[in-house]
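Participant: If you want the building blocks of each chain, they are given just below.
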Amino acid sequence: MSSIILPGRRRGFRDKFSRLHWPLIILLTMIAGAGVITLYSVAEGNWQPWAMKHGLRYLAALGILIGVAMVPIRYWMALAYPTYFAALIALALVPFIGEVNMGARRWIEFGGLQFQPSEAMKIGLVLGLARYYQGLRAEQVSHLLYLIPPALMVGAPVGLIFIQPDLGTALLLAATGAIMIFVAGLSWRIGFLGIVGAIAGGYAAYRFDVLKEYQLRRITTFLDPERDPLGQGYHLLQSKTGIGSGGLTGKGFMEGTQAQLKFLPEMQTDFIFTVFGEEFGFVGAVGLLLLYLAVIFAGLSIAMQSKLHFARMMTIGVVATFTLYVLINTGMVMGLAPVVGVPLPLVSYGGTVMLTIMAGFGLVMSAYVHRDQDMYRSGDSL
Amino acid sequence: MAGVNTHDPERQEMVSRRTMLFGGGVTLLFGGIATRLYQLQIANHQKYLDLAQENQFNRRVLTPLRGEIVDRFGDPLASNRKNFRVLLVPEQARDVDAILDKINKITPVSEEKRARIMREIRRRGAFTPVQIADNLSWENFSKLNFELPHLSGVLPDVGETRDYPYGADAAFVIGYVGAVTERDLASEESDEERVLLRQPGFKVGREGLERTYEEELRGEAGAMNVKINAHGRVIEELANSAVPPVQGKTLTLTIDSELQAQAMEILSKPGERMPDEPQSAAAVVMDVVTGDILVLASTPAFNPNDFNVGIDPDLWKELNQSPYKPLLNKPLSGVYPPGSTFKLISAIAAQRAGVKPNHSVYCSGRVWYGNRYFHCWKRGGHGNVNMKDALKHSCDTFFYDVAKTLEIDLLAETARKFGLGQTYELGIPGQQRGVIPDRDWKREYFAGNPAQQPWFQGETLSCIIGQGYVTSTPLQLAVMSARVATGRAVRPRLVRAVGDLILPAPEAPLVDVDQDYLAVVRAGMNAVTNEYGTAARSRIDDPDWQLAGKTGTSQVYAITAEDRARGLAEPEDLPWARRDHALFVCYMPYENPRYACSVVVEHGIGGSRAAGPKARDIMKAVAEKDPASRAPLDPRTLARAAGVRES
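From first to last, the protein sequence lines are chains X and E. Quick note, the first sequence lines up with residues 1 to 382 if you use the numbering used here. Quick note, the second sequence lines up with residues 383 to 1029 if you use the numbering used here.
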């Protein structure tokens, strides 16, 4: 990476601000608003302990989003590899200096702040892969030699996170990487082989006891929740009961009995969609899904409008992560996916994920603000 | 290749194509999620709505109070008292062992109890509360409440438990309750009853009336809908949905608890010559008009309160191994040769066979019959005796003489007419019939030994003095004296009323024998106590309550010549278990009889010296109180009073 040639003049802050994708910001705000309402209900009609904080965090994160969006996309491109490798190093350090929490080592202390390298890697991997494909021609993507670096870039953090152990995040990262490689233009043949390989690997992991017992149990429970209604399947059954009992229009704001009577675990985080579905019904839940879909399509349209390949790929990566969050979480609470502890973006309570998502959309926004910019390749990466 | 424009239309086109593909795929997946929502919220809405309703509301069983058992005047023999206890909800308890350790510091939790609690937790599942300690003192209960913040999952509770205020005195009348077993659950037909039985600390009748009248005493469970959260914690009690429990019916007995207690005391009083010997004895007092059993005493007895709280294994072992059989309900389940008390029957049977009361027999002390001598209890003999004298002095020779020609079947039939050889509907399981032998009985009894099947007349000589094959229970002996006293086929009863339904006294038709035959028997009994007969010591001086009785001493072991050679002269020299049983039957007043009584003192050596005085003391107490002349409690008043108490 060397000299970067800039076409056109630099834009002023005010100019850039007006170029922000306002519909996307409004959509994100609406989703976060749904989160505030639901958290208010979960706390039995109290702003404490979640709703108020969630709203304030969102506003702060929105500031970060705009801040990230103001930074020219080429800077982000320049920071892509450093970010990726910094996150990778932090991940590699977790087994040695990480804090053990609930049987898993995921956090490290950094200047008095708790920091989860696996969250940073969600951004880092997207940036790193996007940066990699910036330097590749279309026909090179499916070349086996050029597949080795992205495979390693995905494989290393996935492996490190898997041993923490955090199966959910590991799979999420792997899927994000796979989607990016696919969108970059991977041939169908190799893609198909990759899927077969992943299935075989999964089976091998199952056979050779790579998974922790609780991970296995989650999967078997997912496959047959009624088998053990008071144990692992209990949460899933209660969640389905909550959503199902909501019906077409829901039981009404703060009227969800499943939620209000605490039949659901982790209502403020992983199972918040259940509360929403119970209180606002099919109409509300589909409405929320449509908001998410609108965000996804806004993101995809930004990707297609970008002149810079890095921006396109990065946007795809962020949108893919976001999409996976939504699909896994909603699928999980309705028994379509194993219970792996993935939050519903912007609705679930939790600062780290909020920050990751909003920072990601900051990058997307930067791609949009700077969508007309392109640059010249200084040389092949390899 | 420096300076190459990264603008690469082919690459851009590929990404655009793939992005649209991705968008399409995502749309499909979102469609899948929406379909799932449709499936849960629209298609199966009702199913999940029902599940949510079920979650929210829980039917909590309200345990009914067990019906009381009261005596004829309403004095409770079995009631309920507050039971301070501790329940544990396993699900809410982090570490059951640690909690039990803490509780152990306040009230002891033995290793066995701990094992039992653990077993129960495994069996019942994490949601059902398990009782971990009960019958706590108020002091320990408050201590525990104070510690409660450190004991998650522990639930203090005030329950009700069975209480037997008379303790051992009424043990054999009432029986006792015990913890519910798997077998109880299996035999219960309805699920609702099973739910009730599973309530922590619930007890069911195990023995005696508690067992027989389980259905009436149990009552009906109530229910209250409660709104609960996922932890089973009650958020709200929906009182207007409550169905109050209905207390079990009160069982009103014929027993007079005061006399019962006095009789128990009299029975336990040690014998004159053997102050250290525990008294293994039985007594029954009956109202000869109504058949009401006023006293049903058995010593030694167990304390039913010990069973109620779960009996201590050592105590249980002791009760089981004692030679004095404290677990045997002797008046109903103890069988004894009636000895000379049987002569009441013999005298009637003799008259039925044509022997006149003035028939006279010379008693020389022994009678040769078959190939051996039959001895009278009085070695020197009684001289000339008629029937009344034979009863008064309990002369065996007179009856041997009668027996030489008496048909055994006639004797047996007479015995049955007067209440022997049968059981009575009292509501107490385990009654014995005893044996009243006749030809059929013997044929059946010796089914495997044809040589022994025919009846030998010599056996009648043994039977006529209440020995040989003849056995009876103290209850039967009391019925016998009641029937002799009244000439009516009095039937005993123990339960006067169930709830407010008063049971009529059973019919007592005249006994189907010539009533004139009874006169000499009664005169003989009167002579026994009042004319210096065998039980002159047991006379009651009050002319209003003249006691007529009959002694009995039934042989358990025949003292042999060898024994005598070894210097065994007195019956006291024999080991306890080989001494003769002492019996006494009586009724009073002699004219216009009202009460009948039987007393059996196991291995008491002599009817006149061990059983008679006890019977006299009991009857004196009965005479003093005269319960039959007092109005018994009307259970309907009791039911009304209970109604007032509840509201």
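Derived by calculation from the structure, the hints in this document are not laboratory data. Just so you know, even glycine gets a beta-carbon here, dropped at the ideal spot from N, CA and C. Hints are not guaranteed to be accurate.
Just so you have them, the derived chain X footprint on chain E, three or more residues with Cβ under 8 Å [stated by the list, open to error]: (1) 392–399; (2) 412–420.
Take a look, some chain E residues computed to stay more than 10 Å from chain X by CB distance [as the list claims (entries may be wrong)]: (3) R754; (4) Y827; (5) W927.
Computed, partial: chain X to chain E, Cβ under 8 Å [what the hints assert, rightly or not]: (6) A170; (7) I179; (8) I195; (9) I199; (10) Y203; (11) G281; (12) F297; (13) M334.
Participant: Against this structure, judge whether each hint is valid.
Facilitator: Hint check:
1. 392–399: The restraint on the stretch 392–399 of chain E holds, since 6 of its residues have a Cβ under 8 Å from chain X and three suffice.
2. 412–420: This one holds; 7 residues, not fewer than the three required, reach chain X with a Cβ under 8 Å.
3. R754: 80 Å, holds
4. Y827: Y827 (chain E) is indeed farther than 10 Å from all Cβ atoms of chain X, at 61 Å.
5. W927: 71 Å, holds
6. A170: Violated - the Cβ of A170 (chain X) stays beyond 8 Å from chain E, reaching only about 20 Å at its closest.
7. I179: 7 Å, holds
8. I195: 13 Å, violated
9. I199: This hint is violated: I199 (chain X) lies away from chain E, its Cβ roughly 18 Å from the closest one there, beyond 8 Å.
10. Y203: 23 Å, violated
11. G281: Where the cut-off is 8 Å and the nearest Cβ of chain E is about 6 Å from G281 (chain X), the hint holds.
12. F297: 6 Å, holds
13. M334: 5 Å, holds
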